[in-house]
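Chains as they are written, first to last, in our numbering: chain B, 1 to 570; chain E, 1 to 306; chain F, 1 to 319.
Derived by calculation from the structure, the hints in this document are not laboratory data. On a predicted model such as this, the values are computed, not experimentally measured, just so you know. From the three backbone atoms N, C-alpha and C, an ideal C-beta is built for every residue, glycine too. There's no promise every hint is true.
As the list claims (entries may be wrong) - Result set (BS3-like, lysine-lysine): computed pairs, CA atoms no more than 30 Å apart in a straight line:
(1) K21(F) / K196(E)
(2) K119(E) / K167(F)
(3) K76(B) / K189(B)
(4) K164(B) / K542(B)
(5) K167(F) / K271(B)
(6) K24(F) / K119(E)
(7) K196(E) / K24(F)
(8) K76(B) / K78(E)
(9) K59(F) / K361(B)
(10) K176(F) / K529(B)
(11) K25(F) / K196(E)
(12) K277(B) / K162(F)
To be verified - One-sided and incomplete, this derived list gives chain B residues near chain F with beta-carbon spacing under 8 Å:
(13) T90
(14) G118
(15) A122
What the hints assert, rightly or not - Incomplete in silico selection of chain B near chain F, CB under 8 Å:
(16) E93
(17) A100
(18) Q292
(19) P502
(20) Q516
(21) Y517
(22) A524
(23) N525
(24) L560
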Amino acid sequence: MKKQIFAVLSSAAIISSLLAGCGGNSSQSGASSSASSSASASSEGSKQIKEFTAFFDRQGSELNQDNEIQQIIAEKIGAKCKETWLTGQTAEEAVGMYIASGEYPDFMNWTPQLQEAGALVAIDEYLDKYPNIKNFWSESQWNSLRQADGHIYSIPQFGKINIKAMDTQQNGEAFWIQTRVLKWANYPKVESLDQLFDLLEKYYAANPTMPDGSSVIPFEILAYDWYYFCLENPPQFLDGYPNNGRCIVDPKTYLVSDYNITPTAKRYFKKLNEEYKKGIIDPEFMTMNHDQFLEKIASGRVLCMVEQHWDFATAEDSIKSQKLEGCTYVPLGITIEPGMKEMYYVSGESATLSGGLSITKSCKDVEGALKFVNDLLDPEIVTLRSWGVEGKDYLVDENGLFYRTDEMRENAVNADYKASHLCSYSYFPNYGGMNPDGKNAATPDTQPSEFFNGLRPEVQECLTAYGAKTYVEMLDNNVIDGKDQPWYPMWSFVGTMTSETPGGLAWTKMEETKKQYLPQVVVANDFEKEWSTYLEAYKKCKPEDFFAEVQEAVYNRIKLVWGKDVRPKS
Amino acid sequence: MSSAESVSIKKRKKFKLSDFLYSLVIGIILTIFVIVTIYPLLNTLAVSFNDAMDALRGGIYLWPRKWTLQNYITVLRKESMVTGLYISVLRTVVGTVLQLSVTALIAFVISRKNFVFAKPIALLYTLTMYVNGGLIPSFLLNKALGFTNSFWVYIIPGLVSAFNMLVIRTYMNGLPDSLEESAMIDGAGYFTVFVKIYVPLCKPVFATIALFIAVGQWNSWFDTMLYNRMASNLTTLQYELMKLLSSVSQLSGDPNKSASAVTSAQVTTTSVRAAATILTCLPIVALYPFLQRYFVTGLTIGGVKE
Amino acid sequence: MEAKKTKKQSINIASGAITWKAIKKQKELVLLSIPFVAYVLLFCYVPLLGWIMAFQNYKPGLGFLHSKFIGLDKFKFLFVDNPDFLRVIRNTLAMGVINLVLSFAFAIAFALILNEVVHKAPKKFVQTVSYLPHFLSMIIVCGILQDVLSIDHGIVNEILVKLHVLKEPINFLTYKSLFWWIVGFTNVWKETGWNSIIYIAAITAINPDLYDSAAIDGAGRFRKMWHITLPGIKPTIFILLLINIGNVLNAGFEIQYLLTNGMVQSVSQTIDIYVLKFGISQCDYSLGTAAGIFKSVVSIILIFLANSAAKAAGEERLF
């Protein structure tokens with residue numbers, strides 16, 4: 001017994017001595033890391049490299065410490081940034097903790113809470129010194145970022161279209177259909193909801209199973225958690241409006257309206273209800289989670305769905321790697337009646353911007369931080385961030401066009417390679433459209449030649465049948481100039497609402513109600529009854545509060561850009 | 001599995017049908033139980049060894065369809081996993097030793113039935129299970145005490161858990177009071193009684209609580225994220241894995257925001273998640289059979305008699 | 001029990017009364033407990049100052065000192081303005097009670113049954129297997145559960161259809177009447193082995209002489225289990241029961257969040273989920289704190305009631 005106690009004690013002693021060492025270490029490193037959080041200089045050879053820190057309230061993957069391109073960039077511009085991402089908390093919680101503690105990393109994503117807490121540094125007075133940043137957005141776009149105090153606190157990272165839009169893939173929402181269905185019907189014109197389901201029913205009747213015997217799912221709806229937009233927002237597209245996200249804005253009268261209660265919405269859900277009863281819609285669409293959804297897509301069994309492409313891109317990759325013939329998807333711009341104009345694909349820069357990259361009060365070297373951002377927009381660095389290293393990640397042909405070999409394409413999607421080699425600094429300002437050289441696309445997947453070589457023959461055949469060369473050309477091409485529709489897109493406003501205002505509270509309740517009732521509407525035995533129950537519950541959320549605030553925001557944005565008040569005189 | 005048989009082999013003076021049936025029923029119940037509880041683990045194991053792209057299709061039950069080690073490589077190749085492992089082991093060992101010692105001592109003190117402050121202290125601790133000031137106040141407190149970028153934030157704030165303390169106290173209450181009394185008559189102080197008499201007798205409950213603490217320490221990552229996010233030499237294995245796994249969100253999101261950041265999103269598939277789960281389970285699961293030897297009936301009282 | 005008490009009192013001064021004399025006599029114990037009291041006050045009670053948030057419109061940027069006081073508005077929001085919240089409390093309570101009953105019944109039964117296995121190897125094997133699901137994350141467990149219950153060739157449906165219990169596969173997760181039980185049994189599935197560890201340890205403290213004398217009296221194995229093992233772990237059962245009665249409002253968050261869907265939303269939402277939606281994801285910390293205070297008050301009332309009941313019944317109690 002004594003021996004054992006002695007053993008325990010001595011091991012505890014060993015551990016505590018170990019700890020003493022460790023504790024010392026940690027307090028030291030703590031000190032150095034808090035210093036380095038504001039650009040301490042770590043001597044890297046003869047050159048001084050500033051090291052910044054950043055936290056982004058989004059999911060993302062951290063780079064390895066010895067990431068190659070990060071190191072190359074650091075040597076060229078004399079600075080680097082350690083990025084950290086959201087882990088296991090909601091974005092609001094994570095940001096709230098930073099605010100409560102009063103200590104921040106050098107860079108953060110702008111949020112209204114940070115602004116309100118006075119955590120951010122105004123950058124407008126520095127802008128003239130940093131031409132790359134200054135020229136990234138236009139004067140009026142910068143002005144739209146001014147806060148109540150007249151200062152600018154953020155640099156929006158996304159949405160910049162350099163020279164012209166180069167989109168090849170419809171990243172956003174559409175009705176996606178497998179090419180085999182279209183091929184089977186000899187590539188018909190599919191424009192309206194009725195035509196689409198008619199086609200699906202006929203194909204399903206003729207081909208109820210996959211080659212391996214499993215059953216085909218003609219139409220899938222993802223209704224899980226926040227992905228339920230696949231169920232709730234198609235009515236706005238069906239009426240030919242673009243994705244403002246939470247409402248319809250009439251471009252002539254500037255009036256906001258509610259797509260949830262339009263006749264089209266009712267027709268759409270009635271159609272879904274009918275198709276559900278016919279067995280065309282997956283019977284477990286309302287209970288499946290996101291993983292199960294991806295599983296079903298990846299198995300090639302799903303003929304058609306409404307989705308945003310980025311959300312099922314991985315499942316589509318799986319279909320490709322399994323070589324399931326005809327099971328990848330092309331977008332269809334479905335409307336409620338045939339022959340309508342649709343606006344699923346929209347390009348153009350917004351005139352009013354919000355959010356973006358901010359520098360915090362904890363940053364001890366604001367000018368250094370801005371110089372870092374400025375340098376990241378240098379043509380050479382931009383290419384490094386988006387394409388990688390020449391010869392290793394891409395090659396250049398005699399016309400100066402970039403291209404990649406198959407191996408390079410595979411590397412670019414390999415998680416290990418990404419962490420150890422590629423460094424996109426994705427939450428720092430990014431060019432869309434074209435590379436600064438004016439020849440190449442901003443990113444490899446929007447390079448036209450790159451894109452076409454990556455397509456499978458059956459997709460090429462399908463696109464050609466519809467006279468398209470890219471996925472985007474399957475849809476109507478819409479450009480929304482921010483100057484004409486300064487409010488677009490309204491979701492960037494709704495994202496900043498909180499339950500503190502009546503409208504924000506109404507919005508939270510509307511979402512809850514829709515999540516609860518819409519699946520019930522789709523599966524209802526008595527559609528009319530269920531629909532009116534839903535409408536009743538929906539009205540109790542006071543949607544008018546929400547739309548009043550959105551309407552106000554539309555007027556404000558118009559005033560900001562056009563300089564005139566378009567509110568109806570009352 | 002074969003428990004029914006093995007139980008029936010047990011030497012009995014005469015064969016009793018009722019005893020045999022009894023064993024049979026127990027054997028059947030436990031067999032069903034084992035099948036039901038081992039399934040999720042075997043399933044996770046199978047998925048972890050399956051090709052990630054292929055696993056996305058689903059339909060994997062007990063055996064991988066397309067074998068690969070790639071998921072494990074993806075998880076382990078992260079350089080930060082090595083420091084993470086070191087810190088995780090360290091906090092588990094140190095945390096378990098310190099927390100168990102302190103918890104046992106306080107349990108001992110308030111299990112002295114005649115101790116006048118026993119009840120108030122028990123109440124004070126009991127209530128901690130039901131009240132808490134929330135995340136922000138605790139965070140501010142720990143920050144004010146200098147527990148950011150520090151190893152000790154893993155140990156000190158959670159040093160005593162009321163639950164563990166009450167479990168140990170209950171066990172100690174069950175021991176005969178005569179033990180303490182006779183020692184006290186011999187002139188021993190409370191501390192001596194604790195170390196010499198109670199510690200050896202409480203081995204089963206200490207093993208239990210040590211397991212609880214060790215598992216808690218090993219699995220926790222939230223404190224790392226809150227306090228040591230920026231101190232890369234103090235992050236734990238679980239936190240590193242959390243980072244890897246939370247590249248795909250379960251909590252909240254906005255379709256439009258995500259769309260704009262699509263280039264940065266790394267896809268963590270179910271297979272990688274499964275591999276990470278298996279890797280973190282293994283060390284701590286291996287601890288259990290080691291502790292099980294303390295769960296032997298008769299050890300306690302037998303010890304007293306000697 | 002009775003005998004013990006009287007013996008104790010005869011040796012020591014009367015317990016209970018806090019007198020200077022008693023304190024002096026127990027100097028060693030008092031000194032030993034001072035650091036523990038200081039510790040718990042600092043780490044568990046000082047943060048309670050944060051409860052002030054519930055009465056403020058708390059902004060992290062302003063802190064506790066400068067945030068605006070709004071009185072009972074947040075409580076009013078929960079209990080008066082939102083009829084939904086009462087339904088949420090009902091859901092939480094229902095799932096809390098179901099979890100409590102199921103997890104106790106299964107863990108105790110499992111520990112008792114396992115104790116009946118005489119051979120070491122199968123016993124260790126079963127025990128080790130039983131506690132493995134505890135280490136799987138809820139995401140994984142719920143993912144497997146959804147596959148198992150799937151209408152699309154899920155194993156439960158296949159079996160029930162084969163046994164002619166069901167005519168055709170059904171989608172279990174859309175039935176409001178089943179949801180609470182699905183949550184309860186999922187917890188049983190995940191935690192029974194883990195929860196039983198405490199009982200298995202408690203069984204070791206039972207004096208083996210008792211079994212021997214019972215055997216002499218001709219008791220069978222079931223009677224020994226019923227009359228010796230079960231009473232032997234009674235104090236542990238009672239303590240855990242008391243602790244967990246205070247926790248019925250913490251019926252969980254993750255499992256309901258992962259398994260819910262529109263069809264069952266009205267029975268699946270718990271207080272924690274509600275607070276996440278209307279509080280934390282709206283940067284409203286005050287609301288979460290107000291709900292937390294409500295839960296604490298209910299818990300404390302419950303454990304005081306339960307503790308007095310235990311006292312009256314002469315059973316093991318918390319304080």
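Comparing the hints with the structure gives:
1. Between the alpha carbons of K21(F) and K196(E) the distance comes to roughly 28 Å, so the proposed pair stays at or under 30 Å and holds.
2. At most 30 Å may separate the alpha-carbon atoms for a hinted pair to count; K119(E) and K167(F) exceed this at roughly 59 Å.
3. Our distance criterion of 30 Å between C-alpha atoms is broken by K76(B) and K189(B), whose separation comes to about 53 Å.
4. Between K164(B) and K542(B) the CA atoms are separated by roughly 42 Å; this puts the pair beyond 30 Å, and the hint is violated.
5. Distance restraint check for K167(F) and K271(B): the Cα-Cα separation of roughly 28 Å lies within the 30 Å cut-off, and the hinted pair is therefore satisfied.
6. Proximity of K24(F) to K119(E) is assessed by CA-CA distance (about 18 Å); at most 30 Å being required, the pair is judged to hold.
7. A C-alpha spacing of about 24 Å is found between K196(E) and K24(F), which places the hinted pair at or below 30 Å, so the restraint holds.
8. Of the pairs offered as hints, the one joining K76(B) and K78(E) holds, with about 26 Å between alpha carbons and a cut-off of 30 Å not exceeded.
9. The suggested pairing of K59(F) with K361(B) holds, with an alpha-carbon distance near 18 Å, which does not exceed 30 Å.
10. Among the hinted pairs, K176(F) with K529(B) is consistent with the structure: their alpha-carbon atoms are about 20 Å apart, no more than 30 Å.
11. Using a Cα cut-off of 30 Å, the hinted pair K25(F) and K196(E) holds, with the two alpha carbons roughly 22 Å apart.
12. Between K277(B) and K162(F) the alpha-carbon distance is near 25 Å, which keeps this suggested pair within the 30 Å criterion.
13. Residue-level restraint check for T90(B) holds (minimum Cβ-Cβ distance to chain F is 6 Å; threshold 8 Å).
14. The criterion of a C-beta within 8 Å of any C-beta in chain F is met by G118(B), whose closest approach is roughly 6 Å, and the hint holds.
15. At about 16 Å, the closest approach between the beta carbon of A122(B) and any beta carbon in chain F exceeds 8 Å, and the interface hint on this residue is violated.
16. Against a cut-off of 8 Å between C-beta atoms, the interface hint on E93(B) holds, since the closest Cβ of chain F lies about 6 Å away.
17. This hint holds: A100(B) has a C-beta 4 Å from the nearest C-beta of chain F, less than the 8 Å allowed.
18. Taking 8 Å as the C-beta cut-off, the interface hint given for Q292(B) holds, the closest approach to chain F being about 6 Å.
19. Using the Cβ-Cβ criterion of 8 Å, the hint placing P502(B) at the interface with chain F is not satisfied: the shortest such distance is roughly 11 Å.
20. Because the beta carbon of Q516(B) sits about 4 Å from the nearest beta carbon in chain F, less than 8 Å, this interface hint is met.
21. Because the smallest distance between the Cβ of Y517(B) and any Cβ of chain F comes to about 7 Å, under 8 Å, the interface hint for this residue holds.
22. Checking A524(B) against chain F by beta carbon gives a least distance of about 11 Å; that is not within 8 Å, so the hint is violated.
23. Of the supplied interface hints, the one on N525(B) is violated, with its beta-carbon coming no nearer than about 14 Å to a beta-carbon of chain F, more than 8 Å.
24. The closest approach between the C-beta of L560(B) and any C-beta of chain F is roughly 25 Å, which is over the 8 Å cut-off, so the hint fails.
Comparing the model with each numbered hint stated earlier shows that hints 2, 3, 4, 15, 19, 22, 23, 24 do not hold.
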